[in-house]
Amino acid sequence: MQAMTLFPILLMIIIYLVVLGFVIWFAVSLIKAQKERNTILKEISHKLDGIEIRKKEE
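Residue numbering for the sequence shown follows this note's numbering, beginning at 465 and increasing consecutively.
Keep in mind that a hint or two might mislead.
[As the list claims (entries may be wrong)] With a Cα cut of at most 35 Å, we get these calculated DSBU-like pairs of lysine-lysine: (1) Lys506 - Lys519; (2) Lys499 - Lys511; (3) Lys519 - Lys496; (4) Lys496 - Lys506.
[Claimed, not checked] Simulated restraints, written as ranges between beta carbons of each label pair: (5) Phe486 - Lys506: 24 to 34 Å; (6) Arg501 - Phe471: 43 to 53 Å; (7) Leu484 - Ser509: 50 to 60 Å; (8) Lys506 - Leu470: 49 to 59 Å.
Keep in mind the hints are simulated off the structure, nothing from the lab. Backbone N, C-alpha and C define an ideal beta-carbon position, used for all residues, glycine too.
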């Protein structure tokens, strides 16, 4: 009978830890993707700095 009373509490703790783990994983993967995006944008910016942009002559 004791095990049946502990089961809901254990289940709630497990679900809480799973949700917390998912949130942490999502935040880390989002930050990693944003860093990668910033690196790519920085490379593009450096490439564009070397290009002269001329206006189209009429």
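Each hint tested on the structure:
1. Lys506 - Lys519: The hint holds at about 25 Å.
2. Lys499 - Lys511: Holds: Lys499 and Lys511 sit about 19 Å apart, inside 35 Å.
3. Lys519 - Lys496: With a Cα-Cα distance of about 38 Å, the restraint between Lys519 and Lys496 is violated, given a limit of 35 Å.
4. Lys496 - Lys506: Holds, at about 15 Å.
5. Phe486 - Lys506: 24 to 34 Å: For Phe486 and Lys506 the Cβ distance comes to about 30 Å; the hint holds.
6. Arg501 - Phe471: 43 to 53 Å: Between Arg501 and Phe471, where Cβ atoms are some 45 Å apart, the hint holds.
7. Leu484 - Ser509: 50 to 60 Å: Violated, at about 37 Å.
8. Lys506 - Leu470: 49 to 59 Å: Holds: the Cβ-Cβ distance is about 53 Å, inside 49 to 59 Å.
Going down the numbered hints, you'll see the structure goes against 3 and 7, while the others check out.
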